[in-house]
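Engineer: Each chain, written out:
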Amino acid sequence: MIQTIPLGRVLKETVATPYCDLVTRPTGAAVRGYIQKAIAGSEAPTTMLDFTEVGLLDFSCADEIVAKLLLDTDPGTDRYVMLLGTREDHTEAIDHVLNHHALAIAVVTSPDEPPQLLGRVTPELQRVFHCVFRLGPGDAGSIADVLGWTLERAADALLTLSLLRLLRAEAGTFHPLPR
Amino acid sequence: MTRIVEVPAYFDDRSFDQFAQGFGAWPPEERVLVDARTATWASPYGLVGLLTAAQALREAHREKPLFTVPASDEVRRYWAKTGFFRHAADLFEIHGKVPRTPATEDSDHLLDITPVGASEDVHQVVGRIQERAARMLSHELGLEAKATMGFAMALSEACQNIVEHAGTSGWVAVHLYNFRKRLGRRVIVIAVSDAGLGFRRSLEATQAKRFGDRWGDASALEAALIQGVSRFRDPGRGQGLAGIKRYLSRWDGKISIRSGTARLSIVPKWDDDVPLAENLPFFPGSQVQVVIPAQEGGAR
Numbered sequence: 006m007i008q009t010i011p012l013g014r015v016l017k018e019t020v021a022t023p024y025c026d027l028v029t030r031p032t033g034a035a036v037r038g039y040i041q042k043a044i045a046g047s048e049a050p051t052t053m054l055d056f057t058e059v060g061l062l063d064f065s066c067a068d069e070i071v072a073k074l075l076l077d078t079d080p081g082t083d084r085y086v087m088l089l090g091t092r093e094d095h096t097e098a099i100d101h102v103l104n105h106h107a108l109a110i111a112v113v114t115s116p117d118e119p120p121q122l123l124g125r126v127t128p129e130l131q132r133v134f135h136c137v138f139r140l141g142p143g144d145a146g147s148i149a150d151v152l153g154w155t156l157e158r159a160a161d162a163l164l165t166l167s168l169l170r171l172l173r174a175e176a177g178t179f180h181p182l183p184r
Numbered sequence: 056m057t058r059i060v061e062v063p064a065y066f067d068d069r070s071f072d073q074f075a076q077g078f079g080a081w082p083p084e085e086r087v088l089v090d091a092r093t094a095t096w097a098s099p100y101g102l103v104g105l106l107t108a109a110q111a112l113r114e115a116h117r118e119k120p121l122f123t124v125p126a127s128d129e130v131r132r133y134w135a136k137t138g139f140f141r142h143a144a145d146l147f148e149i150h151g152k153v154p155r156t157p158a159t160e161d162s163d164h165l166l167d168i169t170p171v172g173a174s175e176d177v178h179q180v181v182g183r184i185q186e187r188a189a190r191m192l193s194h195e196l197g198l199e200a201k202a203t204m205g206f207a208m209a210l211s212e213a214c215q216n217i218v219e220h221a222g223t224s225g226w227v228a229v230h231l232y233n234f235r236k237r238l239g240r241r242v243i244v245i246a247v248s249d250a251g252l253g254f255r256r257s258l259e260a261t262q263a264k265r266f267g268d269r270w271g272d273a274s275a276l277e278a279a280l281i282q283g284v285s286r287f288r289d290p291g292r293g294q295g296l297a298g299i300k301r302y303l304s305r306w307d308g309k310i311s312i313r314s315g316t317a318r319l320s321i322v323p324k325w326d327d328d329v330p331l332a333e334n335l336p337f338f339p340g341s342q343v344q345v346v347i348p349a350q351e352g353g354a355r
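Residue numbers (the working numbering), protein chains in the order written: chain A, 6 to 184; chain B, 56 to 355.
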């Protein structure tokens, strides 16, 4: 089950502005507060933040909304956040702030393509992430076989991806996030 | 006694120190007369600086300063079109004929002089400017379409410095003009100025000890602009100026920040400015200038 939050609409509800730009820290904090309430009040494990109707996204607002949302997420909960409808300038701002905090997030681009990863993600992690997306749920052994890696290397990468909340770990099996 | 502070004939970031010098020890005890009679041109940096001076005098509880308008009718009309007199009327006792020309965002003014004091003002500024910015950056400066969003981001972050750090309100203006003297190309200039705390006072509590004897206006600017330090302990802070620098490095732009007695700039190859100027005449608050040049062969 997925919950989609249209940020353009959230902006209109939280800040009295005729514009569709996500700018300034107070605006970002208000929007993040709305998102956190929506996540807490929903059964859906994955929340999709929809940027389709968003104009400009500045660095401060990207930090308040995306980076702080990830930083505030309780690592013990089975909740995940992905992005949707981002433009190049949005992804650039989000990538910048996530790198600063050593965080990462997945952006859904098209149904057949693996999500794009933003933030502090090495090429090695990208490779494993794409592998799980392509092959479906798997464990360290299956990923190591496919990539020709040692078991430890694959296990490390899968664990890091699950700690970054880019994969869902369940009893030693790593699942792509539901989209 | 009245202290006369002359507005340089060509008033921009370079001649700003001459203007600041006129105030002497801050805040001046005498009533100030800002004399703009011989002014022939002012950049947005100069115009917002004039308003900042008057605002700082007001906040220092000094008598309302006097202002004599430029002698040139053409210069007066231009200043009126930028919105200068609309705001100056509240801050100065104006002497001389002020044109009734309303402020207009014409072909050269991307954004007339606009007060910034709260987050909502930044929304207004960014919202108003985007469509015109897209047109100007591509048609006048030959920049790619994607430069527009970066430009609006840089503007937003520059304005937020006032909201987050100044402790008072400030001013922003964005103009397009021909940078004949230094570059021989057209440029778009963002000027943001406030009469607030300044970088040194804003960062003192968290950074002074780290710098020790070196602590001052210059090291405070270095901490903020080069090291990305902010007065907030929140680790996400300080990314606004970093974002502006990133944008400017892509489009060969320049940023310079003046605060107190120092000015720190990130200087592109086309400019001959010094990276750091120290021991300048004191001026209150902070003044930020961002310059984005036309791409070679891209300007009209």
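Watch out, some of these pointers could steer you wrong.
Short derived list, chain A residues pointing at chain B, Cβ under 10 Å [claimed, not checked]:
(1) A21
(2) P23
(3) V28
(4) L76
(5) T78
(6) D79
(7) T82
(8) V102
(9) H106
(10) R132
(11) H135
(12) C136
(13) L140
(14) E175
Which bits of chain A does chain B cover? Going by a derived footprint, with three or more residues having C-beta under 8 Å, they are [to be verified]:
(15) 66-75
(16) 141-154
Keep in mind the hints are simulated off the structure, nothing from the lab. Here a beta-carbon is modelled for each residue, glycine too, at the ideal position from N, C-alpha and C.
Engineer: Give a verdict on every hint.
Structural biologist: Results for each hint:
no. : hint    : verdict
1   : A21     : 8 Å, holds
2   : P23     : 7 Å, holds
3   : V28     : 5 Å, holds
4   : L76     : 8 Å, holds
5   : T78     : 15 Å, violated
6   : D79     : 19 Å, violated
7   : T82     : 22 Å, violated
8   : V102    : 6 Å, holds
9   : H106    : 7 Å, holds
10  : R132    : 27 Å, violated
11  : H135    : 26 Å, violated
12  : C136    : 32 Å, violated
13  : L140    : 35 Å, violated
14  : E175    : 31 Å, violated
15  : 66-75   : holds (count 4)
16  : 141-154 : violated (count 0)
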